[in-house]
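Enquirer: From first to last, the protein sequence lines stand for chains P and C. Just so we're aligned, residue 6 is where the first sequence starts under my numbering, counting upward by one. Just so we're aligned, residue 784 is where the second sequence starts under my numbering, counting upward by one.
It is possible that some hints are incorrect.
[Stated by the list, open to error] Straight-line Cα separation of at most 25 Å, DMTMM-like style, residue types lysine to aspartate or glutamate; simulated pairs: (1) C/K975 - P/E127; (2) C/K975 - P/E270; (3) C/K976 - P/D172; (4) C/K800 - P/E270; (5) C/K972 - C/D1082; (6) C/K990 - C/D1082; (7) C/K909 - P/E270; (8) C/K939 - C/E888; (9) C/K856 - C/E1040; (10) C/K917 - P/D172; (11) C/K976 - P/E270; (12) P/K255 - C/E834; (13) P/K220 - C/D1082; (14) P/K220 - C/E888; (15) C/K976 - C/E848; (16) C/K909 - P/E56; (17) C/K880 - P/E270; (18) C/K1258 - C/D1082; (19) C/K1133 - C/E1175; (20) C/K880 - C/E890; (21) C/K909 - C/E896; (22) C/K972 - P/E270; (23) C/K950 - C/D1032; (24) C/K917 - P/E270; (25) C/K975 - C/D1201; (26) C/K972 - P/D312; (27) C/K1087 - C/E848; (28) C/K912 - P/E270; (29) C/K1021 - C/E981; (30) P/K255 - C/E882; (31) C/K902 - P/E56; (32) C/K912 - P/E56; (33) P/K255 - C/E841; (34) P/K151 - C/E795; (35) P/K255 - C/E879; (36) C/K976 - P/E127.
Note that these hints are calculated values from the structure, not bench results.
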Amino acid sequence: MKLENIQPQQVYRRNKGLLNALHIDGWLLLGLLLLLATSIAIVYSASGGDEAVTTRHVIRIGIALVLMILFAQIPPNIIYLFTPWLFAAGILMLIAVILFGDVGKGAQRWLDLGVVKFQPSELMKLVLPITVAWLFAHSQFPPSFKRLFSGALIIALTASLIVVQPDLGTSLLIAMSGLFVLFFAGLPWKVILAAITATVASAPIAWHFMHAYQKQRVLTFLNPETDPLGSGYHIIQSKIAIGSGGIEGKGFLGSTQAHLDFLPESTTDFIFSVLSEEFGLLGVITLLTLYSAVIARGLYIASQAQDNFTRLIAASLSMTLFVYIFVNIGMVSGLLPVVGLPLPLISYGGSSMITLMISFGILMSIHTHKRLLTD
Amino acid sequence: MSEQLKFNSDAEAFQQKRLFRFRLYFAYGFVLLLFAFLIGRMAHLQWYNFEQYHGLAEGNRISVETLPPTRGKIYDRNHILLADNQPVYALSMIREKMEDIHAFELELMNLLEGSDPEKIEAYFKKFRKWNRSKSYTLPFSVSEEQAARFSVISYKFPGVTLTARLKRVYPHKSTAVHALGYVGRINTKELKKLNEQEYLGTNIIGKAGIERFYEDRLHGSPGVQQIETNARGRILRKLETLPATPGEDIHLTLDIELQKYAESLFKDKVGAMIALDPQNGEVLAFASMPTFNPNLFVDGIDQKNYSRLLNDPYRPFINRAINGQYPPGSTIKPFVALGAIENDYISPTKKIYDPGYFDFAGHRYRDWKRTGHGLVDLNAAIAQSCDTYFYELSLAMGVDAIHDTMSPFGFGEKTNIDIIGESKGILPSQQWKMETKGKPWYRGETIISSIGQGYNLTTPLQLAKATAILANRGKIIQPHLLKDELKDSSSSQVAIKKISNWDSVIQGMVDVMHGKKGTARRHGKDLPFKVAGKTGTAQVFSLNQGKYNADELAKRLHDHSLFIGFAPVDNPKIAVAVIVENGGSGSKTAAPMAVNLMKHYLEEKLTDTTTQLESKP
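In isolation and in its complexed conformation, chain C is listed as follows (with noise of 0.2 Å):
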């Protein structure tokens, strides 16, 4: 019985094997045959139709060569370029249609006097194991002269060309490097995400700044010139062209003479400097400092200077106007003050008696004048900067209501400026502590976080902004570098219930400037406007409130000066948030800077239009 069964089964398998085989064989048919048709159709081409596809390749002479856009320009608000594009010569070879490529190298060390003998040399190593039919670019400098030069005696180099092509330049080098960015080579990052038709003979790419944010702008789309060349790839002429459709000019904001002014104010310190107008959000001075040359990066920066830029300690690459997040210190103090008005936690009017500190749950916390301000008003509390007004203020509304009053100023959001990657900073509140802390909030916190210490952290972007909507008295500007069709002007406005309150803090600011105790009083004289101010001085370290000494202190550990500030006060021109970092006290560095910037860019508006700048008495 079981012998049966095995019996079936083996017939069963030898059943199937010879069908399986049967397909095998099947198959192996379908392939000869199918590759038999392969080869009926080689031959019909290279037996058959042989003598006209060999006819076609002797005489394949048209092709397709691609003409690469030229990059829109980019001009400051008055027309001066800030961007421009300039012929610069190279030389390229091709080692198949070279004849003695050892006589070109030594022909070449004597054109390219600048050049490195040495570099050549193992350029030229390298070369003769490349593609030898593929055109390669000299990696170096061609000028003016030497191409010149180099058309004279090109007859005796067959298979080199000397080419021009365009070249970014930067006109006006480090000024404004920070909002203007730079080009440089595509990489390969960049270059998976680009469309590629799109860059077709191009090799760089806007890579920070105004030159990433409007690349697509700036860069045109390339066009195709069909070129008839002999068997050999020699170019006979030019056939039909499609011509590149050339990027973009844009105009920006700025106001390269203002902007390059404010560089030299902060000589060799560090920080940033914002100035925008208020009434457009139009930003006329970008500076963030220590700066770099853009030029570098065009073609691609060498080692040395980029490791010199990269570990200097300053950290030039670092844009402070937008990525520098700085505690804003008593540059907050007017946003407070009006939240807590607006709100009614106190009147304009109400005085507190400031001893010269404050004390709360067992802990003092100083004012900046160790013997007390006295007596002190609203007004007061903004022009002298009083610290313990606020910190009694404080407690009474609570963080969440100092959030609440600082976020429609864009304080821990995004200005959404033209530049990618800007910073957010920190609006603390009792929500955030316990989402990014997980801890409760405390009551000391709120206590430093109204003189803008703790948590607290602005870019200066932020501050200019801030500034220049309390400017405004309330209506909300975006601030942005591209001048432009007008953006939408439906503008939105910061609620505000008692019009009067503006009037409340923006007096308090005016007193900064010219009363008669305001912090920066020394600065707001003898001005030819009014001016309404804020100094700021930011803790960089905590000196567990001790004695503060500043020569004792190693210089990157002393405290930012801040300034805020917009002048005229009755017709706002020009917001100015400035942070000098390690600069010390607000009104001894960062006040003089901003007043000579707003003089420098109101001057001329003053002889433009005397009347409606007179300033009352």
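With the rest of the complex left out, here is chain P (with noise of 0.2 Å):
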């Protein structure tokens, strides 16, 4: 028993398959393309039958997962020579967002590269995490104070760079995802349980820094009824859609409440909605299973990683993909306030659906690149 376990990594059946030859998971791809099915559908539907946002939709799912099969191919010892270049451009990114950021709604998140337009905190999703894992990637287990502590400060120096953007939402998340690193390199449960008692006991100190639409949002989060035309408007229509779906649901198409305009951002950040109302409490289920699959691959090609660097990762990035999920959902259905995030895999949208799919590129390429022996 216990010499099978101190064995390195059992020897793997490589098949001579298409999937093996081009870096591949085939159960992490089966789940992704359910998943995409149904956002193509959910997509159609919310937008109201239109064909033109179907197809730029179908369109970027098919950048989004050549794009995927290319990350693919790359092979994690080469991302960890790069990782701290990767990490030093970005930051240098969020501080030019700063400087000459194009503001956008009252936030500048964007960077105008000329041609194209670059949102460098989508590009930080996952370049914290990797970063944060390099520098365990040879650290002991538990790690050493000093390099939890360098740890937190690279999560620190990120997050506070975006939230000055601002973006709290968006801050809070990608420090999330260093976070999960710093967990999963065995940060001491007595600091984890500190650290949580620690913020909320802080809770009352962000309130005072945040900004007029964020304290806005809080409110109407803990009491959406009292503003029924402004803000809370959007929650209260939501529960309606899914409250309103029942358990089999109103059948495909059959969302009134995305279809008569009452369900705003009814394919984007509230497409749960819509699917909700229209698939009821077993369509819910059935994509919450799909997402858990998902997430269990995803945890599972950590468990079977080599190295610190890459199992490091695939939890952080699998850990990630929940907390989108759950942070959606949540606000969605009035458990959490409204930050404007998408649905992972299922919102119409191009940005995020991108950087999922790379993180998922990167998830297969730790699980295909293994070398057949260890030293």
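Since each chain comes alone in its own frame, lean on the hints to assemble the complex.
Expert: If you want it as structure tokens, here you go:
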């Protein structure tokens, strides 16, 4: 028993199939394709049968799949080599956004590179967890306090550069992806408990520093009915959409809430409400089962990874996916404040879909680039 | 020993992996727990509270509709309407609610006999693919009569609604288009900048001129209306309404009647003409020719009209009054002369002999009059526009002294009129040349600068402003188009040492019009009031100081014709600057236009207040 575990990885079956040649993990791909197919159907319905919108969505999914396959070809050790440079570039771009960023809707998030507009915080969603994993690549378990501290410092730096854009939601989510790495690297439980206590205690101070619209979101979240035609409107209408779906739902294309324009952002942030309205509780359970299968596969890949660097990345990226799902569904069902976050793999919209699919490409790369013999 | 170590590290790796796996299980347990929690929440909403939400969705009847504000109207100084809003009709369709799309398509071809059936067919082809639950407005104009005919049969076509909205209309069409500007569809660039809340339900925005500059005042803010609909979206009744705040109506300083007259003076010529009230800087006329019809832009200009205007060789889109930068030619002579006598470079009575040319550094600079003006003093130099006098004077002054004299009159800087995108022109100096060209100033350049050639460039508005300041004997005014609560009266003054210097220069300009040898004496005689003016002829094309034969040159290379002036001299009521591109000499083309405009404007005033304006002999 002991010996078997001490032995380095079991030697893997190397299928000669196409999937292996392309460094693709079949199970993960299956889960993703099921989710993406669902996405196309729901976007079609939520847009009111708009073929132009649906076509654009399908094209983006195609591009995202190609990018996923491309990233699956990059061996993790190459990523390892480039990590410090990627991080430095990411930080510089975040600073550039603050200095010369394009202001859109009251926040500077975009960097205009002449040809394309680019959101560096989107890049950091991947680069930050990878950088923190890089830091722990060769450390012992549990890691030294010094190393944990420098990891925390990197996370704080990145998060603070995004929070001033100002983009509190994204900043918290990116910080979360780094904190997951610390957790999997062996952050002591005592520290975790202390941090949670401190966060809860400091909430009133955070409130003081929030922008007016952020405060409004929190207030509305706490009591949406006070402002039924203002910002509480979204949450109320979303809850009506979900609740009126019942157990079996109103059927595909049957969402009255979205089609009568009661539901805002029905193809993006609030797409889950459309799905719940049309497919009911059964549809929701199916979707969450699919998601948990994809997350399970990601965590399995982490458990099978050969070194600290890759296992930390795989675990963190999988858990980040979970956080995004939880926050979005929590938001549209009135459990969490409205933060403006799409539902991963389902919502219409470009950049977040691309980032997610790249992260799956990295997971696949980790799983398929293994040394057959370890030292 | 080494085996021992390896074993240790393997044991450690094992330990490490065990802990890592424990944390993985923990994390996944956390994921499942929270997913279960979410499912619990969903069950609460969709199962436990289903009846309640089902009822709410069925009765979901209150929706919020935006009421766009009415855009403020624009009037001229005499309360004549320049920009109005008129109701227009439009048809909109929601695919989901329509029973027979094809039948409506056929009906529409019949109803809108003015529109091309092929366009209607093409639109419907696209429409069938668009969002089935959204309302789309047909891009075809519906006349009042067609609207009435449709409303009779509208019951046959559920899902089609007839709406009336207000459309911006410019009743005077192309008149004053460069001052007034126009509105058009909001483009993506503008969309990013504006406050979306304020523009809900609005699809137009000021694109140019006054419409753009005073967008904030003209736009107003939208209102909100709650409407009650049935589950299929049909409006049952209107509930609470928060009405829109209409945009502010504004009055301009323009006199549209004078403006029309000014534009008519150009006939088919190209150029610009500005008339200011020198006492307060109000712009009375603001012509840039040729013009275009702003009504074309309101609903989005069609490609054919747009490319026709864009490719017009005379470039009607250019606002020549503020963006046309022309060499001022001899119109700058009064300003140079003022600087010369102010700083004692010359006495007004000192005479200079003009043989018809001026030699400097081996180069011969010719006077416009080849035979020369003989002995001229300051008055004659201005009245007869003697070049040689200024050539010689300029060498004594140097370019920087000329610059410093003209700068307070606003040359080389924006006038800050209430239109966006004004050009600055160029008022050269040694420093300017070093900064922009990286080369030192040559004295020969001073010579041609003194007659408004070389690097000098001015906009017609700058010339008008400088003329008004001259008319005011130094009181600086701010040209503006909005007739409003009085601008700050803390007027600054062009500093001058000897008040009589104003008289010397202005008398020179009076003699341009009324003197025996004045360059525009032909146009100054028999006027019921006295005019001070100055003609200018600006070279477009360097002729190497050779012989100029207008007939031999293509029209595009003809000289620009300029004139500045104000009247009545003793109590100035109007200051005018005219530039006619390729119009030839200033006295031939621009001067009579300016004089006619003054006459037209002052005739009303003369009949009003005869005694006040009786001119001295």
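Enquirer: Each hint needs a verdict: does it hold in this structure or not?
Expert: Going through the hints against the structure:
1. C/K975 - P/E127: Roughly 21 Å separates the two Cα atoms, so the pair holds.
2. C/K975 - P/E270: holds, 18 Å
3. C/K976 - P/D172: Distance ~19 Å between C/K976 and P/D172 Cα, so the pair holds.
4. C/K800 - P/E270: Status violated; Cα separation ~44 Å.
5. C/K972 - C/D1082: holds, 18 Å
6. C/K990 - C/D1082: holds, 12 Å
7. C/K909 - P/E270: Given pair C/K909, P/E270 holds - Cα atoms ~24 Å apart, limit 25 Å.
8. C/K939 - C/E888: At roughly 13 Å apart (the allowed maximum being 25 Å), C/E888 and C/K939 satisfy the hint.
9. C/K856 - C/E1040: The given pair, whose Cα atoms are some 18 Å apart, holds under the 25 Å limit.
10. C/K917 - P/D172: violated, 32 Å
11. C/K976 - P/E270: Distance ~21 Å between C/K976 and P/E270 Cα, so the pair holds.
12. P/K255 - C/E834: holds, 14 Å
13. P/K220 - C/D1082: violated, 40 Å
14. P/K220 - C/E888: violated, 50 Å
15. C/K976 - C/E848: holds, 23 Å
16. C/K909 - P/E56: holds, 10 Å
17. C/K880 - P/E270: holds, 22 Å
18. C/K1258 - C/D1082: Violated, because 44 Å separates the two Cα atoms, which is more than 25 Å.
19. C/K1133 - C/E1175: holds, 13 Å
20. C/K880 - C/E890: holds, 17 Å
21. C/K909 - C/E896: holds, 21 Å
22. C/K972 - P/E270: At roughly 22 Å apart (the allowed maximum being 25 Å), P/E270 and C/K972 satisfy the hint.
23. C/K950 - C/D1032: Holds, at roughly 16 Å.
24. C/K917 - P/E270: holds, 14 Å
25. C/K975 - C/D1201: holds, 23 Å
26. C/K972 - P/D312: violated, 49 Å
27. C/K1087 - C/E848: Not OK: C/K1087 and C/E848 at ~36 Å, beyond 25 Å, violated.
28. C/K912 - P/E270: Holds. C/K912 to P/E270 sits at ~20 Å (cutoff 25 Å).
29. C/K1021 - C/E981: Between C/K1021 and C/E981 the Cα gap is close to 22 Å, so the pair holds against 25 Å.
30. P/K255 - C/E882: Between P/K255 and C/E882 the Cα gap is close to 22 Å, so the pair holds against 25 Å.
31. C/K902 - P/E56: At roughly 21 Å apart (the allowed maximum being 25 Å), P/E56 and C/K902 satisfy the hint.
32. C/K912 - P/E56: holds, 6 Å
33. P/K255 - C/E841: OK: P/K255 and C/E841 at ~12 Å, within 25 Å.
34. P/K151 - C/E795: Between P/K151 and C/E795 the Cα gap is close to 20 Å, so the pair holds against 25 Å.
35. P/K255 - C/E879: Answer holds: P/K255 to C/E879 is near 17 Å, not above 25 Å.
36. C/K976 - P/E127: Distance ~23 Å between C/K976 and P/E127 Cα, so the pair holds.
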